[in-house]
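Q: Chains as they are written, first to last, in my numbering: chain A, 28 to 355; chain B, 28 to 355.
Among the hints, a few may not be true.
[What the hints assert, rightly or not] Which residues of chain A face chain B? A few of them, derived with a C-beta cut under 8 Å, are:
{"#": "1", "residue": "A218"}
{"#": "2", "residue": "A222"}
{"#": "3", "residue": "M286"}
{"#": "4", "residue": "K287"}
{"#": "5", "residue": "G293"}
{"#": "6", "residue": "F330"}
[As the list claims (entries may be wrong)] Label pairs and their in silico Cβ distance ranges:
{"#": "7", "chain 1": "B", "residue 1": "D227", "chain 2": "A", "residue 2": "E276", "range": "21 to 29 Å"}
{"#": "8", "chain 1": "A", "residue 1": "Q120", "chain 2": "B", "residue 2": "Q275", "range": "33 to 41 Å"}
{"#": "9", "chain 1": "B", "residue 1": "T84", "chain 2": "A", "residue 2": "A76", "range": "52 to 60 Å"}
{"#": "10", "chain 1": "A", "residue 1": "Q120", "chain 2": "B", "residue 2": "A340", "range": "48 to 56 Å"}
In case anyone wonders, no lab produced these hints; they're calculated from the structure. We put the CB at the ideal spot given by N, CA and C, even for glycine.
Protein chains: 2
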Amino acid sequence: MPKIIRLHRQGGPEVLVFEDIELDPPAAGEVHIKVEAIGLNRSEAMYRAGRYPVPATLPCLMGYEACGTILRLGEGVEGYEVGDQVSVLPLFQLGTYGVWGEEAIVPASALLPAPPGLSPAEAAAVWMQYMTAFAIIEAAQIGIGDGVIIRAASSSVGLAAIQLANWAGAIPIACTRTSEKADALKQHGAAHVIATEEEDLVERVMEITSGRGARTAFDPVGGPYVHTLASALAERGILIVYGGLSEQETPYAHWPCAMKGASMRGWVASEIWNHPERYERTQERILAGLTAGHLKPVIAKTFPLDRIAEANAYLESNQQIGKIVVTV
Amino acid sequence: MPKIIRLHRQGGPEVLVFEDIELDPPAAGEVHIKVEAIGLNRSEAMYRAGRYPVPATLPCLMGYEACGTILRLGEGVEGYEVGDQVSVLPLFQLGTYGVWGEEAIVPASALLPAPPGLSPAEAAAVWMQYMTAFAIIEAAQIGIGDGVIIRAASSSVGLAAIQLANWAGAIPIACTRTSEKADALKQHGAAHVIATEEEDLVERVMEITSGRGARTAFDPVGGPYVHTLASALAERGILIVYGGLSEQETPYAHWPCAMKGASMRGWVASEIWNHPERYERTQERILAGLTAGHLKPVIAKTFPLDRIAEANAYLESNQQIGKIVVTV
Chain A
28 MPKIIRLHRQ
38 GGPEVLVFED
48 IELDPPAAGE
58 VHIKVEAIGL
68 NRSEAMYRAG
78 RYPVPATLPC
88 LMGYEACGTI
98 LRLGEGVEGY
108 EVGDQVSVLP
118 LFQLGTYGVW
128 GEEAIVPASA
138 LLPAPPGLSP
148 AEAAAVWMQY
158 MTAFAIIEAA
168 QIGIGDGVII
178 RAASSSVGLA
188 AIQLANWAGA
198 IPIACTRTSE
208 KADALKQHGA
218 AHVIATEEED
228 LVERVMEITS
238 GRGARTAFDP
248 VGGPYVHTLA
258 SALAERGILI
268 VYGGLSEQET
278 PYAHWPCAMK
288 GASMRGWVAS
298 EIWNHPERYE
308 RTQERILAGL
318 TAGHLKPVIA
328 KTFPLDRIAE
338 ANAYLESNQQ
348 IGKIVVTV
Chain B
28 MPKIIRLHRQ
38 GGPEVLVFED
48 IELDPPAAGE
58 VHIKVEAIGL
68 NRSEAMYRAG
78 RYPVPATLPC
88 LMGYEACGTI
98 LRLGEGVEGY
108 EVGDQVSVLP
118 LFQLGTYGVW
128 GEEAIVPASA
138 LLPAPPGLSP
148 AEAAAVWMQY
158 MTAFAIIEAA
168 QIGIGDGVII
178 RAASSSVGLA
188 AIQLANWAGA
198 IPIACTRTSE
208 KADALKQHGA
218 AHVIATEEED
228 LVERVMEITS
238 GRGARTAFDP
248 VGGPYVHTLA
258 SALAERGILI
268 VYGGLSEQET
278 PYAHWPCAMK
288 GASMRGWVAS
298 EIWNHPERYE
308 RTQERILAGL
318 TAGHLKPVIA
328 KTFPLDRIAE
338 ANAYLESNQQ
348 IGKIVVTV
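Chain A with its partners taken away, still in its complex shape:
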């Protein structure tokens, strides 16, 4: 019987326990996969800890991003065959399905073919980060010469945004709390790195952008610092808030937005995948970017499945640069 993680209570990484569970055959529209690699996400860690806005019905499964091979197809599933290597995308609510385990049942609608030429670890670390980072294209329409402020730049989505900004001819300005990761971020493509606890972000961004300010700022953290980010925007600039990791109230940056006609805008990647035409277009662009070498997933560290609790703790330590992947 496959080992599968279920959550019986919410809390630290220690609440993750393995159970031997025989999976039912996939229902109509579902597939049964052998999991090969699992990409970890912040939202999952917050869900595990009970700090996610959607409540959990316990016990529940965990995880929604993976690469695997199809073992069985449910009724009516088209476009896939047994043996196909697929990526699982977070197109379902956390806890309703789950990929943290040796095998999983997932809805076929949450699958895409694994991109050719990638390892299973990379194929588990590609769609979510790039579709999330595509906000800077979809929501801010960045172009050549535009300053793009990327907060929490060493996260998988941050690095994806650096790569996309470079591909678009824009200027990725990576933000990180201290200068510790500055060299690594430059090696990963950041044109500039700002250590937000050590430097004046607005002054640096104005220098870099010849006084115009940045076209966009891309922020998963929120909280009072949005005022500083908004102050570094150009006229009609857009501060994209794609998470609330600070767990503090995020104010509306009234005066910077008023004086520059700037915006604060929400973003979740479902804004792409809930719209078939956007979803298809973005898939094509990501595949083209991978093929041409503009995009390349950065794996911070891999852990074997039996050390997934340790992988969770590492994710929450903020030491990583890139995606944390669990291999099965």
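On the provided structure of chain A, position chain B as indicated by the hints.
A: Just chain B now, kept in the frame of chain A:
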């Protein structure tokens, strides 16, 4: 000598005192006008009261919207003649010049010809309100069938937004605190009126828009209610915050914005007049709207100049529907 108001201290309407002041000849780029009518603005009342974000250097002049006739031209002023009837627009900082008085010196760059066919009171109540309300076109690109939520709808800018929304084929949804002004707002063109202290705004807007939500909400108040406004937006809707009359912290409406890819956006009318091409285009549209009857300034009440303190108190009483004008 003309009677002119100067502020020697900030406070209630009683701080407005008249002085007999002989005006110097207009300097280069300035004109000297005989004031015929003065349009009152919230920002002026807040400045008078010392609650405006720009500090005053006392004593200072007051007011920046008027209609008048040119008495003298400073050096280098082109395009105007002595005797021309002009509108004064708020294209200078409060207190640096001032139109509250029988005569005034103003920069020629702040003038436009008074629109033909309007009374002086109307010509003092036209440019600021329509250029401010043009946010729903410039920033939210409203079009036919779009729901447009207009908060503080009985203000001059609110009524201007109702007229613009109707002209654009959109659906103006007027918000007012109680149902007291509902009939008047309908007479002034509101397709729907929501009394925000008596009704569930989100529910009403969803009914009106067949569940889609509004394209935009246009709000001079801010404060915690922005969460409700943002919850009534459509996908990719835009909440335009063009003032902070609540004088409370305005939060960023994180979840409504995230789940719908919606924005909160700042706006001041300088976003039009600081850009020559936008300024010219918007002037043309406003004149066309006045000529065709789509736009018509609504005067709530006029006061003679010696009762300008009473006019200030009336403005702050929130009883009015439309613009308060002081005639000279």
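Q: Given A222 (chain A) as an interface hint, is its Cβ closer than 8 Å to any Cβ of chain B?
A: Constraint on A222 (chain A) not satisfied, violated at 25 Å.
Q: Does the nearest C-beta of chain B fall within a distance shorter than 8 Å of the C-beta of G293 (chain A)?
A: holds, 3 Å
Q: Does K287 (chain A) meet its interface restraint, that is, does its C-beta lie within less than 8 Å of any C-beta in chain B?
A: With a minimum Cβ separation of about 7 Å from chain B (threshold 8 Å), the hint on K287 (chain A) holds.
Q: Using the beta carbons of T84 (chain B) and A76 (chain A), state whether their distance is inside 52 to 60 Å or not.
A: Since T84 (chain B) and A76 (chain A) have Cβ atoms about 54 Å apart, the given range 52 to 60 Å holds.
Q: Holds or violated: F330 (chain A) as interface residue toward chain B, Cβ cutoff 8 Å?
A: violated, 30 Å
Q: Using the C-beta atoms of D227 (chain B) and E276 (chain A), is the stated range 21 to 29 Å upheld?
A: holds, 24 Å
Q: Using the Cβ atoms, figure out if Q120 (chain A) sits within 33 to 41 Å of Q275 (chain B).
A: Distance hint for Q120 (chain A), Q275 (chain B) holds at roughly 34 Å.
Q: Range first: 48 to 56 Å. Now tell me if the beta carbons of Q120 (chain A) and A340 (chain B) are that far apart.
A: Check passed, 55 Å falls within 48 to 56 Å.
Q: Double-check A218 (chain A) for me: the hint is only fine if its C-beta lies closer than 8 Å to a C-beta in chain B.
A: violated, 26 Å
Q: Would you check whether M286 (chain A) satisfies its interface hint, that is, whether its CB is within less than 8 Å of any CB in chain B?
A: holds, 7 Å
Consistency note: the structure conflicts with the earlier hints numbered 1, 2 and 6.
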